[in-house]
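Assemble the complex: chain A is given as a structure, and chain B must be docked to it using the hints.
These protein sequences, in sequence, are chains A and B. First residue of the first sequence? That's 1 in the working numbering, and the numbers climb one at a time after it. First residue of the second sequence? That's 1 in the working numbering, and the numbers climb one at a time after it.
Bear in mind the hints are in silico, worked out from the structure with no lab data behind them. Bear in mind the structure is a predicted one, so any value in this text is a computation, not a measurement. Note that the Cβ used here is the ideal one computed from N, Cα and C, for glycine as well. Accuracy of the hints is not assured; some may be wrong.
Said to hold, decoys possible - Covered stretches of chain A (in silico footprint by chain B; criterion: 3 or more residues with CB under 8 Å from a CB of chain B, positions within the stretch not fixed):
no.	stretch
1	477-491
2	667-673
What the hints assert, rightly or not - Derived DSSO-like pairs: lysine-lysine, alpha-carbon spacing no greater than 30 Å straight-line:
no.	chain 1	residue 1	chain 2	residue 2
3	B	Lys116	A	Lys678
4	A	Lys678	B	Lys115
5	A	Lys678	B	Lys10
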Amino acid sequence: MGVKRRAFLIGGAALIGGGLFAVSWSERSATRRAAKLVAKDKAGVFQTWIRIAEDDTVTVFSPHVDFGQGSVTGLAQIAADELDADWLKVVVEAAPVNVAFANAPLAKGFAGEMLPFSVPPFLNGIVGSGFAMIARNLPLQVTGGSSTVRATGQMGMRVAGAAARSALIATAAKRFGVPEAELTSANSQVVHAKSGRALRYGELAAEAADMTLNGEPKFKDPKDYRLIGKSIPRLDIPGKVNGSAQYGMDVQLPHLRVATIMAAPVRGGKLVSVDPAPALEITGVEKVIELDNSVAVLAKGYWQALTGLRALSPQFSDGGHGSLSSNSIAAAQVAKIQTGKPNNKSGHGDVPAALAASGVRLIEAQYAVPFIHHAMMEPFALTAHFKDGKLELWGGVQDPLHSRKEAAEAANIGVDQVTFHPMMMGGAFGRRLPGYCEIIGQVVQIAKQTPYPVKLIWSREEEVKHGCYRPQASAHLKAALDKNGRIAGWTTDYAQSEDVTRETHFVYDVPAFALRHYEFSTNQHDGPWRSVNSNQNGFYSESFMDELAAAAGEDSYQFRRKHLHPGSRHLAVLDDVARRSGWGTPLPTGRGRGMALVESFNSIVAHVIEASVGDDGRPRAHKVWSSVDCGRVVNPDGAAAQVSGGIIMALSSCIDEAITLDQGAVVQSNFHDYRILKLAEAPDVAVHFLESIAPMGGLGEPGVPPTAPALANAIFAATGRRIRELPFRNQAKA
Amino acid sequence: MAIDVEINGKAFSIDADPNTPLLWVIREELALTGTKFGCGIGACGACSVHVDGEITRSCRIPVASVAGRKITTIEGIAAPNGALHPVQQAWIDAQVPQCGYCQSGQIMAAVALIKKTAQPTPADVDEAMTNICRCGTYPRIRRAVLVATAQAAGSGKGDS
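Just chain A, same shape as in the assembly (with noise of 0.2 Å):
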């Protein structure tokens, strides 16, 4: 790929070129259009996202913003593989934040993974009255759930593609005159080889454009691809080595202001009373702007409204949760579930028979995790600028189409009067998704108050102290061991803000299994980290797993065997891991091995991790190997990075990481006391793939959960020490 081009425009770039083009499938008549092909599919699957310009260059517009997943790079390959596209011709922008790029795909996605009437949890934000406003094709753009790939790609983009190369045939064989099966395409040309002539895609894209495309097209065999399940280098990494790759951050404007803002520490608090004086003295500040629960600072530059915010001295309420800390939401949370009633229930079989059986062992555990902070590396930075009425926004969000209407709500205009333009994120992970993007609302009140644009920068503690974290939560564990050391009941009782029900995949054949919500709120907004609920999940189930084979005498891996289903993925994906990393042979003193196999968002994960303790009772994970069932992979190397990058930052969090709150405000404030681990203490990590013919799983996150029980699990195995709370930290010293 010497070539050089700039294949992946967001941020800056001109989202809609004008009349460079030929032909614009998807916009020029994206709503005449996106009629017809509804008309095709009632549930709305097909949006035409290609543009095939008269020079063959071929334009992939991505309703997902890329934060690093390397996924709209696999959507490029899904829609040009199908497309017989030169891939040396092809090139991704940001879909226009428009309802007409609404992704239509990704709510099918989710109607068929989630039904009946569930919202995925980290869509709550955006969906007020339920699962059927996304069935009904609800403006989504939203880049979340591990879903572009398996939802976008398989049901969007491959579609996308196959339609567009059936018209382009379709259109070659009106032309030559020839039938439609003597045609065949190939590196976006479309060939008669009888009589040796051919087209190339751009001679034949406008007419083609004017087809009723086929939404029912014919795909190809996979033994064809010829760029599904290639490692091709991913379209977005040359801009980030160079520095020209433009995000939030980056926005720069003529007359640009910069603002910095506080929140009043308890969340739910609200500003009582600030003297601007002591900013306004700072040369280059020019306004203090007080909103319901925080003051902002405007000035020519980012340090000077920094400056001038830290001469304040605001006084704010506490919205009467001073008392609130980390310590009594855990034993609240104990309480609760001792003597509190369950707000939901699921399973299967007789549970209170199962553990009332006589003969049978108990074995009990608590459980903890802390709230975690999404610790992206760019906080947030958005830019808006008020003119006429209209308002305009430059930024990195993970969902442009909702944040937009977010933003005309906030400024009580309407979303046709509202702009949005996506630039890239340093970072998300959950915390951009619609519903948890505070500063829209802020940086609206603020840009109403100067006639300049102006770029609303959060500082690092600003981040760290007002995040949608995810939740602090406790488990009680009880499970049933009969005579023969088979699990004959589980129950999991657990206090949270959120049920997880619709997230939680049990993996293990038990003959009855209980999982009970017991719903407990705080005044944080707790969000969507990475891997959702199923990160503290797995963490309770599969360390609770080991502690089952531990006191059934067993190893960990027989003892899960015995609880899969001969011949299931999981067991496969169980024994791939076993296999590569040489479960059960000796290691070095001090050195264990622990394991977890967890399913999140379609996909099957099992890791094996191998671990030591330091002297300081710090633990040390040496080598990860990760064995992935996900469906079919688009591009491995990415794919592989994915989980990869999953697994470090989920051991970064469950080693390190914990907001803690006291006096109902946050503790931590910047890097220093919310660690965040580095290069030295990052294990080398190895990802294997079992492709298997089912439905295509997520890759962003499942590389998670199995992380923080492995660990434990490792550290059992090399010390004789469980640990049952997160983070790690010191606790397995001797």
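What follows is chain B alone, placed relative to chain A:
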């Protein structure tokens, strides 16, 4: 008070409060946005630049302290003809970046490391590469440093 600095080989006279961190001068005055703001306390390394060849976290040093010194940012490490620095090329070969936000700083740290130690050992890499990457690209960063110093081939990414 104007402060004279040389950035990426060009001379600039900066008119700013002398206490302004170099980072914000680079980003807002000079519009070189490849150098990133991550934490503001020198903990994450996203703002790393070279000052007279030394790796420096630009969010923590006042612009006045670099008067008369030579500064290099991510935009200034490729050859004048545009050819990528071997570290940049290694970053592409090993497909290192995910979100990419920290990678300017990571690359600047690796360039500084290699300048001092042509054939860094794994321990050298552990010691020098202390920038935070939230996406978890560390195995590939380690790999890319070896690729850039011809201690490894470009294929194989360290996690696959």
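Now for the hints, and whether the structure bears them out:
1. 477-491: Violated - the stretch 477-491 of chain A has 0 residues with a Cβ nearer than 8 Å to chain B, which falls short of three.
2. 667-673: holds (count 3)
3. B:Lys116 to A:Lys678: 21 Å, holds
4. A:Lys678 to B:Lys115: 22 Å, holds
5. A:Lys678 to B:Lys10: Distance ~34 Å between A:Lys678 and B:Lys10 Cα, so the pair is violated.
In this structure, the hints that do not hold are numbers 1, 5, in rising order.
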